[in-house]
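> Each protein sequence line maps, in turn, to chains A and B. For the first sequence, the positions run 1 to 332 when our numbering is used. For the second sequence, the positions run 1 to 277 when our numbering is used.
One or more of the hints may lead you astray.
[Unchecked claim] Stretch by stretch, here's where chain B covers chain A in the computed footprint (C-beta under 8 Å, at least three residues):
1) 221-235
2) 263-273
3) 290-304
[Claimed, not checked] Pulled a few chain A residues facing chain B out of the computed Cβ check, cut under 10 Å:
4) His39
5) Gln40
6) Asp80
7) Gln105
8) Pro111
9) Leu141
10) Gln143
11) Ala148
12) Gln174
13) Gly175
14) Ser193
15) Ala239
16) Arg245
Just so you know, these hints were derived from the structure itself, not from any lab. Computed from a predicted model, the values in this text were never measured in an experiment. C-beta atoms are modelled at their ideal positions from N, C-alpha and C, and glycine is treated no differently.
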Amino acid sequence: MNGVLVLLEYRSGASGPTGWNRMSWEALAAGQEVAAELHQPLMAAVAGGDLDAAAADLAGKALARAYTVRHPLLAEYTADGFTTAFEQLIQLVVPSLVLFPHTYQVRDFAPRLATRFGQSLIADVIAIGMESRQPVFVRQLLQGKLTADYVHTGTGPCFASLQAGAFRADALAQGVCTVENFVPGLEASQIRSQPGERFRESAQTVDLSAASLIVSVGRGIKEQGNIPIVQELATTLGAELAASRPICDSGWLPMERQVGSSGQTVSPKVYIAVGISGAIQHLVGMKGSKAVIAINKDENAPIFEVADYGIVGDLFEVVPALTAAVRKARGA
Amino acid sequence: MRRAKHQIFSCWRGQSPPTNVMKIIVAVKQVPVRDSVIRIDTSGKWIEEEDLSFEINEPDAYALEEALLIKEKHGGEVVVLCAGPFRAGQTIREALAKGADRAIHILCEDLVSLDTLALARRLATAAAAENADLILTGLQSDDLGLGQTGVVMAEMLGIPHATIVMQVEIAGTGLRVKRELEDGWFQWIQMPMPALLTIQSGISPLRYATLMGIKKAKTKEVRHITPDEPHPVAPHTVALRRISLPQRKKETQLLTGSAAEAAAKLTNVLKFEVRVI
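Chain A with its partners taken away, still in its complex shape (with noise of 0.2 Å):
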C-alpha cells in the first residue's frame, strides 16, 4: 500500500449542474498535505462516462497519476456502479490512504466501498493531524459540542471524507500530470436502482446570497406563532429574514430562506443567529459571513465558536428589547 488517492467529483450527466462539484478541490488540496507528510505520491480519480473535459483540468494538476474511471454505466451516479468501479481502481492502486469531499454523492457510495475493504469510513473529516508519522483524524461529535481524534487501526487502505470548508482549494498547487483512463468491468445487471432526472421544487425567489444584512431564526423559536418576533426584528433592521432546516421543514418558513448545506450559502455583512445552536449543516451555509452575532440561551451552543459576538440569554427577552433598541437608535 502506497499512496494516497483522492476522488473527486465531476457530473457530466443529462440532469442537474455539470461540472466539478467544487468541494473536490478543497479534498485534493488537503490530499496534497497529507501525501507530503507521508513522503507518499499523490493520486485523483473521477468517475464517469464522459470525461474529457475533466481529464484536461487534471493535467494540469501537480499529481503523481490521474485516473479517469469511464463507462456509460457511470454516465448517470448509482451508488452500485460507482462503488464497484472505484473498488476496482483501489485494487489496482492499492493506496494507502483513500480521501473523498464529504458530498451527498460520498456520504451515498463510500461507506459501500470502505466496508468491501472492510474498513470504516472516517466520515465528515474537519482536520487532519500528524502523530508518530501517522494522520490523525478529526472530527466533531455531538453537533459540534466535541472534537475527537480518530485514527485507522485497520490493515487495508485508511477511507477518510472530508468537510465542505475545512480545506482550503486555493492552496492547491498546479502542475502537470499524466492522466490514465482506467475502464473498470461493469455490466447493467450490476445495477440495482434507476435513477431519475435531476430537479429543483420551484424556482428561488428570494436570494439571500445578495442580502448584506441577515436576521436568521432557529429552532429556539418553540413555535410558528413566535415567528413574527424575528420577523419585527429584521423589518426593523432591513434585513432579510432566513431559517435553519427545522424551521422551514416544519413550514414556519419557505424553504427558500433556509440557510445551510440543504439551503443557500450566504456571506452578509452581518448575520444575527436568533435561537440556531449551530450544527454542521447550517455553519457551512454562513461562516462565510463578514460578521457573526449570535443570541441563544445555551452558552455552549456551537454558534458561539463562530460568532464575533454574543447575547447569552432568553430570545423571547432579548429580540423584543433589541427590536425596540434598534428603533430608538434609528429615530435618534
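Dock chain B against the given chain A, drawing on the hints supplied.
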C-alpha cells in the same frame, strides 16, 4: 452480484418478490437529548453519561414515522431494531407506543467502543434473520454523526440502498424514492426490494404516542439478544484517541447584563462596529 467476504448472510432471500405482508425494520439509536450539557469523562474518550437524558435520534424518529405511514397505507409489520445499553429500552418502548409492532434490542454496553463495521455487523445479523422487505433508518446519528451505519448494513446484507430520502412510494415489488441532493436539487430513484433507505429529518410531522398506544406497548414483544461475535473478534478498523471541547475559531465578545442592557450594547455594535444601522 457476486458475494464478497463481508457479505456474511446466506439466509437473505435476495431478489425474490416480497410476500403480501410487508415487513419493515426501523433501525433506531438512543442519543443524548439535544441541549445536554456535555462533560468529558476521566478516560478522556467519552462523556459523563450519569446525569444525561437520552432520546431517540431525531432522524430515526422520522424513519419510524415513515415506516408507520407505509404500514397504514399498505399493511404489514413494523419491527424496531436497536443496538444499545439497557437504558435504550425506554426509547424502544416509546417507538412501540407510537405504533411499531415489536422490537429487537441488541444489548450492547460497549456501543461507544465499536467502529461502524462492528456495529453494522450486529445490526445486519439481527436484520438478516427477519427477511424484511424494507429497512429504514435515519440518515445519521446526532451523537457520532458518521452517517453511514445504514449504508454499511445494506452492503453487508447485499441489498441496494438510497440515502437522504425525502419520500417513499411502494411501486409493485419495488420502490420509488425521492432523494435530496445538494443545493436544492432532488432526484427520484427506482429500486427493487428488499432495500435499505436512510431517511432525512423533517419529511413529515411526527405523531405522538396515544394513551392507548402507551398501554398497548407494555404488552408488545421486545426480544433481547446478546451479540454473537465472530471468533476471534474482528479487530477494530478505527480507534477514537481522545475527545476535547472544540477550540473557538473566533474570540466571541459576550454582551452581558439584563435583556435590555445586552440589547442596548448590541445596538451600539450594530451602529458603531459593524455599521448596519
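> Run every hint past the structure and note whether it holds.
For each hint, the structure was consulted:
no.: 1; hint: 221-235; verdict: violated (count 0)
no.: 2; hint: 263-273; verdict: holds (count 3)
no.: 3; hint: 290-304; verdict: holds (count 9)
no.: 4; hint: His39; verdict: 23 Å, violated
no.: 5; hint: Gln40; verdict: 20 Å, violated
no.: 6; hint: Asp80; verdict: 7 Å, holds
no.: 7; hint: Gln105; verdict: 8 Å, holds
no.: 8; hint: Pro111; verdict: 3 Å, holds
no.: 9; hint: Leu141; verdict: 6 Å, holds
no.: 10; hint: Gln143; verdict: 6 Å, holds
no.: 11; hint: Ala148; verdict: 5 Å, holds
no.: 12; hint: Gln174; verdict: 26 Å, violated
no.: 13; hint: Gly175; verdict: 29 Å, violated
no.: 14; hint: Ser193; verdict: 4 Å, holds
no.: 15; hint: Ala239; verdict: 8 Å, holds
no.: 16; hint: Arg245; verdict: 7 Å, holds
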